[in-house]
Amino acid sequence: MSHAILVDLTECVGCGACRDACQQVHKFPEIENTKLDAQNFTTLRLCEDAEEGTETYVRQMCQHCQDPACASVCLVGAIEKTADGAVTWDEGKCIGCRYCMLACPFDIPKYEWESGNPKVRKCTMCHQERHLAENAKVDNEGFVIDRNGDRIEIDGREITADDRDSIVSMTTNDDDDRATACSVACPTAATLFGDRDELLAEAHARIKDNPDDYVPQVYGSKEVGGTSVFYLSNVSFESLGFYTKLDHEALPQRTWNVLEKIPDIVVTAGVALGAVYWITSRRDEVRRYEDEVKKQKANKHS
Amino acid sequence: MKLAIPRITFWKAVAGIFLLGGLVAAVVRFGWGLGVATNLSDVTPWGLWIGFDIVVGVGLAAGGFTLAGIVHIFNIKRFKPIVRPAILTAFLGYSLVIVGLLFDLGRPWFIWHMLIYQNPHSVLFEVGMCVMIYTTVLALEFAPVVLERFRLQKALKVMKAITIPLIILGILLSMLHQSSLGSLYLIVPQKMHPYWYSPMLPVFFFISAIAVGLGMTIVESYLSARAFQKTLETHLLRDLARIMFGVLLVYFTMRFIDLLRRDALHYLVDGSFETMMLYLEFGLMLVIPLLLFNIRGFGQSRAGLFFTAFSVVLGFMTNRLNVTLTSLESYYREMFGTSYFPSIGELAVTISIVTAGFVLFGLAVKYLPIFPHHEEETVIDVNEAPERAAAPKIDGDPAAQLRRH
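So the protein lines, in turn, are chains L and G. Under numbering that gives the first Met the number 0, the letters of the first sequence match residues 0 to 301, in that order. Under numbering that gives the first Met the number 0, the letters of the second sequence match residues 0 to 404, in that order.
Read the hints as simulated data drawn from the structure, not as lab findings. Be careful, since some hints might not be right.
Simulated coverage check for chain L against chain G, where a stretch passes if three residues somewhere in it have a Cβ under 8 Å from a Cβ of chain G [to be verified]:
{"id": "1", "segment": "0 to 9"}
{"id": "2", "segment": "83 to 97"}
Under the rule of at most 30 Å between Cα atoms (straight-line distance), these lysine-lysine pairs were calculated in the DSBU-like manner [unchecked claim]:
{"id": "3", "chain 1": "L", "residue 1": "80", "chain 2": "G", "residue 2": "190"}
{"id": "4", "chain 1": "G", "residue 1": "190", "chain 2": "L", "residue 2": "293"}
{"id": "5", "chain 1": "L", "residue 1": "293", "chain 2": "G", "residue 2": "76"}
{"id": "6", "chain 1": "G", "residue 1": "11", "chain 2": "L", "residue 2": "221"}
{"id": "7", "chain 1": "L", "residue 1": "260", "chain 2": "G", "residue 2": "153"}
C-beta: ideal position from N, C-alpha, C; glycine also.
With the sequences and hints as input, model every part of the structure.
And the structure:
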């Protein structure tokens with residue numbers, strides 16, 4: 000099942016519980032951030048429109064694109080769109096080229112610039128955390144192990160039984176389903192986690208049922224070919240600083256249009272070069288032979 | 000035995016200072032990380048090291064495949080004396096590109112991951128593989144020079160037998176990755192200034208690489224002539240310049256049509272930083288070289304050819320830096336109110352890599368048979384001896400050569 004997050008900005012009261020929960024579950028320092036960085040996967044900022052008299056709190060995090068540019072450009076395939084819906088980064092593969100950061104249409108991936116062994120960091124949709132409950136076994140030193148008996152690591156940290164219990168409680172909602180820490184923490188249900196198709200239908204239904212409360216757009220449903228994070232708002236997304244100039248076509252297609260031609264180019268150019276070589280060297284041979292014949296004739300005459 | 004102490008000249012001192020600066024920057028880079036050594040940030044993840052050390056560097060090394068193709072595939076043998084310096088430049092260029100890459104990668108010790116975790120959808124993967132294989136091909140293309148120096152006849156014979164397939168492979172690899180350096184930017188249409196974002200980027204990158212490959216060959220021939228009293232016939236360089244202008248005219252015609260079709264020409268009068276940079280690029284790469292080349296008496300001289308080609312090289316650098324850095328500036332400004340300019344450390348590393356290129360080229364010319372042995376006297380002017388200049392040289396007994404084929 001592919002998951003998604005729906006953020007209804009009209010429901011958000013700006014309490015910051017989502018941000019705090021995110022920092023707690025990832026063991027980041029708890030600060031009131033306004034900018035994403037390697038230790039802030041989600042931000043909350045207030046957008047005031049004096050003319051309209053509106054105050055809107057805007058959450059920002061990874062959009063978890065359906066066809067992510069970051070994953071397509073990664074030369075070692077360290078970034079993956081999982082079947083679960085989350086776009087994840089594999090520390091074991093990354094070589095630190097930072098092409099994902101350049102390619103991301105939402106400027107989401109952040110880097111540990113001060114580290115000697117830097118990681119690319121961004122919202123993981125609590126991918127590992129949500130699946131932690133499936134691993135109940137603990138080895139004799141007290142660390143949680145998976146089915147193969149290997150210790151589970153999140154961000155390079157081994158997980159103790161206590162860690163697991165606190166993470167599982169932070170990522171379990173009232174219906175006893177696994178969900179992202181931000182959605183579990185949200186007191187007003189402004190951030191919902193669930194099945195992508197259901198949430199998208201829910202978003203459209205809200206606009207249809209209450210057309211006066213929303214601008215008629217589900218942000219994230221069409222941008223760059225669709226994402227797994229949707230936003231609803233009662234003021235235009237452009238005025239809230241959303242990336243509104245994006246194509247509705249997935250970005251990786253633009254490079255694939257070129258890359259898929261490579262086999263044809265190699266074969267055609269290879270054959271052409273071989274042919275040119277054959278013709279030019281044959282021409283040389285013939286000319287040398289004719290020169291030789293001429294010389295012999297001239298010798299005979301003299 | 001007495002060891003001769005090398006004389007310290009002005010240029011040697013300059014090179015020494017530059018290399019030392021690079022060393023200090025390298026210590027900072029690997030000791031304290033990218034954040035301290037560079038002006039890169041979360042919003043400006045790629046900077047001078049990608050823009051210059053890699054994208055410009057690979058382009059400037061394009062003379063290797065261009066000249067190898069002209070001489071060995073198109074069989075225009077009169078350019079043969081230039082192939083070796085061109086291949087040497089290419090080999091050194093690619094080696095230094097890899098050095099530059101190691102500075103830029105956050106985890107350079109994992110560079111081999113590219114070989115095992117392959118992502119065929121990534122342009123960067125394609126570039127990486129091509130650069131790796133092509134550097135090997137260049138090493139093999141250059142190998143005969145070293146083998147000759149040490150008189151290894153058997154190995155030379157083997158190398159001769161595989162020359163043509165190697166050169167064709169080299170051209171194919173170059174086509175792929177020279178163009179792909181442009182394809183790298185196809186995925187950020189919304190971030191780039193319309194002057195430089197085009198679906199045609201890969202084609203533009205490939206064509207301009209051919210032009211600058213020829214330009215670089217002229218430049219290095221002139222510099223070698225001055226530094227080592229080793230030189231090439233002026234008329235050869237003049238012919239190279241003519242081919243270069245042919246390629247440049249094709250390139251700029253396409254660029255112009257592309258700008259026109261994408262409706263980007265109306266920005267030309269906005270007086271912005273980007274517009275100035277575009278003028279600089281077109282001026283250095285096309286207008287100034289055309290003017291210089293057509294100055295009667297000067298344009299066709301050795302120095303005239305040098306300045307013509309050097310301007311093209313500078314224009315090419317401007318183009319690549321425009322695509323990689325300038326074109327993103329308006330996006331950085333609008334979205335984050337920020338701008339990117341390389342740090343002292345980034346500049347120091349780049350300058351020292353360029354310096355290393357000069358030093359290594361000098362050493363190779365000094366100790367290996369790069370330039371032909373009978374130079375100075377054989378300088379022929381086309382105007383004086385048109386037949387000799389035009390006729391291809393045939394060495395030895397022609398009948399024997401024919402039999403060998």
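Practice problem: Could you tell me which of the hints above the structure violates, numbers in ascending order? | Solution: 1, 4, 6, 7
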